[in-house]
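Taken in order, these protein sequences are the chains called X and E.
For the first sequence, this note's numbering gives the first residue as 1, with consecutive numbering after it.
For the second sequence, this note's numbering gives the first residue as 1, with consecutive numbering after it.
Please keep in mind that the hints were generated in silico from the structure rather than gathered at the bench.
In this text the structure is predicted, and so the values were computed from the model without any measurement.
Mixed in with the good hints, there may be bad ones.
What follows is a list of derived Cβ distance ranges for each label pair [said to hold, decoys possible]: (1) S20(E) - Q44(X): 19 to 29 Å; (2) G3(X) - P14(E): 31 to 41 Å; (3) P39(X) - P113(E): 19 to 29 Å; (4) Q109(X) - Y71(E): 26 to 36 Å; (5) D55(E) - G16(X): 51 to 61 Å; (6) T7(X) - D55(E): 38 to 48 Å.
These stretches of chain X come out as covered by chain E in the derived footprint (C-beta under 8 Å, 3 or more residues) [said to hold, decoys possible]: (7) 60-67; (8) 101-110.
Where a beta carbon is used, it is the ideal one built from N, C-alpha and C, also for glycine.
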Amino acid sequence: KAGVTQTPRYLIKTRGQQVTLSCSPISGHRSVSWYQQTPGQGLQFLFEYFSETQRNKGNFPGRFSGRQFSNSRSEMNVSTLELGDSALYLCASSLARGDEKLFFGSGTQLSVL
Amino acid sequence: QKEVEQNSGPLSVPEGAIASLNCTYSDRVSQSFFWYRQYSGKSPELIMSIYSNGDKEDGRFTAQLNKASQYVSLLIRDSQPSDSATYLCAVILNSGGYQKVTFGIGTKLQVIP
Numbered sequence: 001k002a003g004v005t006q007t008p009r010y011l012i013k014t015r016g017q018q019v020t021l022s023c024s025p026i027s028g029h030r031s032v033s034w035y036q037q038t039p040g041q042g043l044q045f046l047f048e049y050f051s052e053t054q055r056n057k058g059n060f061p062g063r064f065s066g067r068q069f070s071n072s073r074s075e076m077n078v079s080t081l082e083l084g085d086s087a088l089y090l091c092a093s094s095l096a097r098g099d100e101k102l103f104f105g106s107g108t109q110l111s112v113l
Numbered sequence: 001q002k003e004v005e006q007n008s009g010p011l012s013v014p015e016g017a018i019a020s021l022n023c024t025y026s027d028r029v030s031q032s033f034f035w036y037r038q039y040s041g042k043s044p045e046l047i048m049s050i051y052s053n054g055d056k057e058d059g060r061f062t063a064q065l066n067k068a069s070q071y072v073s074l075l076i077r078d079s080q081p082s083d084s085a086t087y088l089c090a091v092i093l094n095s096g097g098y099q100k101v102t103f104g105i106g107t108k109l110q111v112i113p
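Can you make the complete structure from the sequences, with help from the hints?
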């Protein structure tokens, strides 16, 4: 069974640009969560999607958005990039909403210059 | 007070010793607790879950939970250099009517040969 797939693996952007990250969950998993990981803050919850609906959102500005498609694949978008958005963005899938066993992808390392 | 607190370390132990990793959490009604292991440059992977007070053993790993003290710990017996990683404590917290998996900053463990 394939694991969680995130693309791209690395991204370099400049301030003011926007970026879209993609996540394909494990086959059969319907819940997708996104996390931002930085050395100083650790793993910070961004949002969770289940059945194409955002079910929960963390304390991030509106520049961070996401969506989930009918095949459970998810994308997150960050607009008007800031230097502080440089981080590892991790996607995690789980079998169902409320299933707390998270399976993480390899992440997208975003660098904002 | 952070919702999930861990000492970031590093915690250094000699090979063969017991490593003790600790975590406290703020939400008294939390019922689900997890330990994830993250090797450098890799994504987190679930290694233990615990839901009831007391100890839960899995091989060399023992998770301990004390809900009255809002404290969860992970013991690694006979520590090996391959155990060197960052250990993330995760708790299901209630936030605005929703449940979300909230992570501590992680404790970096170094096992010295």
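To see whether the hints hold, each was checked on the structure:
1. S20(E) - Q44(X): 19 to 29 Å: Holds, at about 26 Å.
2. G3(X) - P14(E): 31 to 41 Å: Roughly 34 Å apart at Cβ, these two residues keep to the hinted range, so it holds.
3. P39(X) - P113(E): 19 to 29 Å: Hint holds: Cβ distance 26 Å, inside 19 to 29 Å.
4. Q109(X) - Y71(E): 26 to 36 Å: At 34 Å between Cβs, range holds.
5. D55(E) - G16(X): 51 to 61 Å: holds, 52 Å
6. T7(X) - D55(E): 38 to 48 Å: holds, 41 Å
7. 60-67: violated (count 0)
8. 101-110: holds (count 7)
The structure shown violates just one earlier hint, number 7.
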